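Here the sequence shown is numbered in the numbering used here, starting from 1 and rising by one per residue.
None of these hints come from the bench; they were simulated from the model. In this text the structure is predicted, and so the values were computed from the model without any measurement. Note that CB positions come from ideal geometry on N, CA and C, so glycine has one too. Treat the hints loosely; a few may be bogus.
What the hints assert, rightly or not - Derived DSS-like pairs: lysine-lysine, alpha-carbon spacing no greater than 25 Å straight-line:
{"no.": "1", "residue 1": "K79", "residue 2": "K175"}
{"no.": "2", "residue 1": "K169", "residue 2": "K70"}
{"no.": "3", "residue 1": "K120", "residue 2": "K40"}
{"no.": "4", "residue 1": "K169", "residue 2": "K79"}
{"no.": "5", "residue 1": "K120", "residue 2": "K140"}
{"no.": "6", "residue 1": "K175", "residue 2": "K70"}
{"no.": "7", "residue 1": "K131", "residue 2": "K120"}
{"no.": "8", "residue 1": "K25", "residue 2": "K70"}
{"no.": "9", "residue 1": "K40", "residue 2": "K79"}
{"no.": "10", "residue 1": "K120", "residue 2": "K175"}
{"no.": "11", "residue 1": "K169", "residue 2": "K131"}
{"no.": "12", "residue 1": "K79", "residue 2": "K120"}
{"no.": "13", "residue 1": "K70", "residue 2": "K140"}
Stated by the list, open to error - Beta-carbon label-pair distances, calculated as ranges:
{"no.": "14", "residue 1": "Q191", "residue 2": "C16", "range": "39 to 45 Å"}
{"no.": "15", "residue 1": "K175", "residue 2": "R203", "range": "21 to 27 Å"}
{"no.": "16", "residue 1": "H202", "residue 2": "S20", "range": "34 to 40 Å"}
{"no.": "17", "residue 1": "S20", "residue 2": "R97", "range": "17 to 23 Å"}
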Amino acid sequence: MQSADLDRTPRSLLVCERSSFLDEKNRLSSQVEQLHFNHKVSVLLPECSSAPSHLDAALNSFSSFYLIRKLPVYEVLDKHFLETAVYQGSVYGVSYRTRVDEDPCVALTPNGHLTLSLDKDSYELLGVEGKPSRFNHRAKCRFVVSINLTDSSMAPGGRGYQRLLTGLKSRLLLKTDFLLTHHPGGGASLQPLLSRYDWSEHRPEVSSRTLTDLSCPALLTSDLQSRDPHSFLEWLGAVDADVSCENSSSSFLSSLVCPEPKTTLSRALSVSVYGLLLPQDVHGLIQQLRRYLEQPRLESWVSLTVHGFVDSPVSWGGNEHGVLRGGENFYSLLLFHDHTYHLHLATGAQDACPS
1 MQSADLDRTP
11 RSLLVCERSS
21 FLDEKNRLSS
31 QVEQLHFNHK
41 VSVLLPECSS
51 APSHLDAALN
61 SFSSFYLIRK
71 LPVYEVLDKH
81 FLETAVYQGS
91 VYGVSYRTRV
101 DEDPCVALTP
111 NGHLTLSLDK
121 DSYELLGVEG
131 KPSRFNHRAK
141 CRFVVSINLT
151 DSSMAPGGRG
161 YQRLLTGLKS
171 RLLLKTDFLL
181 THHPGGGASL
191 QPLLSRYDWS
201 EHRPEVSSRT
211 LTDLSCPALL
221 TSDLQSRDPH
231 SFLEWLGAVD
241 ADVSCENSSS
251 SFLSSLVCPE
261 PKTTLSRALS
271 VSVYGLLLPQ
281 DVHGLIQQLR
291 RYLEQPRLES
301 WVSLTVHGFV
311 DSPVSWGGNE
321 HGVLRGGENF
331 YSLLLFHDHT
341 YHLHLATGAQ
351 DACPS
């Protein structure tokens with residue numbers, strides 16, 4: 001028997017904000033940094049067929065990242081790794097091809113926090129205090145352990161350190177494929193850890209498409225506030241996914257339509273970057289998009305959308321992230337030539353509200 005809940009579209013949370021880069025109190029930089037684990041960045045440039053050199057350079061200069069296969073999680077407690085990487089800069093690490101609502105998942109955030117999302121059996125084996133997942137229903141079947149590796153109690157040799165190390169080495173020998181990168185140290189600070197395991201270095205992948213005769217919402221700063229942001233984001237997602245919004249009677253793929261009032265772009269450039277993408281590189285791309293908008297153009301806006309990993313155990317900041325039926329975990333930035341911007345931050349209904 002099919003549950004009626006399966007026929008419902010899961011709710012999501014959407015926070016909308018309007019500000020200006022010229023406003024000293026704008027929070028965009030801190031908001032970009034709050035989404036640690038980005039797997040895709042998409043840019044839409046209206047009335048453009050090729051990106052200028054400075055923008056193309058920014059799109060192709062995202063930092064490399066590493067895939068370590070079957071990494072024992074206790075290795076992130078290695079004293080040398082802590083001293084040369086975790087204590088010295090921003091380390092980003094997340095388990096790869098694990099499902100946060102089913103499998104053990106691991107994240108290492110740039111503030112030095114190690115997060116383990118575990119099923120009940122694994123949690124009890126580990127023997128380290130945690131909290132029930134906020135995504136549990138009636139039974140407590142999933143738990144989250146969050147540990148600040150920079151805290152004095154977690155210094156190598158201390159009681160807390162030894163308890164966690166023993167749990168991960170002797171009781172719960174957890175291994176996972178792990179994506180890892182470091183800013184600003186890069187690969188040098190990670191090399192001793194990498195050298196002990198099977199690893200590969202990856203450059204983010206860049207792809208682009210030139211679109212023609214694209215139906216587009218008439219994006220005027222004066223009336224954007226009155227628009228339904230969900231309709232705009234739906235249109236933007238359809239463009240990124242190469243799904244038509246013409247709603248042709250002969251099409252069985254999509255019933256999406258472009259929000260009114262609308263216009264037609266003779267051409268547009270859609271560019272996407274894929275990988276484990278650092279917030280610092282996203283911020284650099286935003287600065288180059290601002291520079292792009294300073295030039296006289298037919299259109300006075302560009303958009304940038306950043307998607308977080310669906311199965312990351314943390315989402316905004318260090319808050320727990322869940323998938324279940326949704327997994328929304330992204331933000332979309334609409335930049336205008338007058339230095340104003342509109343920011344949409346989205347997540348699943350059960351996640352903490354992004355801010």
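Evaluated hints:
1. K79 x K175: holds, 19 Å
2. K169 x K70: holds, 14 Å
3. K120 x K40: The hint is violated at about 32 Å.
4. K169 x K79: holds, 15 Å
5. K120 x K140: Holds, at roughly 8 Å.
6. K175 x K70: Given pair K175, K70 holds - Cα atoms ~5 Å apart, limit 25 Å.
7. K131 x K120: Status holds; Cα separation ~11 Å.
8. K25 x K70: Violated: K25 and K70 sit about 44 Å apart, past 25 Å.
9. K40 x K79: Roughly 32 Å between the alpha carbons, so the hint for K40 and K79 is violated.
10. K120 x K175: holds, 17 Å
11. K169 x K131: holds, 21 Å
12. K79 x K120: Distance ~29 Å between K79 and K120 Cα, so the pair is violated.
13. K70 x K140: violated, 28 Å
14. Q191 x C16: 39 to 45 Å: holds, 43 Å
15. K175 x R203: 21 to 27 Å: holds, 26 Å
16. H202 x S20: 34 to 40 Å: Once the Cβ atoms are compared, 36 Å apart, the range 34 to 40 Å for S20 and H202 holds.
17. S20 x R97: 17 to 23 Å: violated, 41 Å
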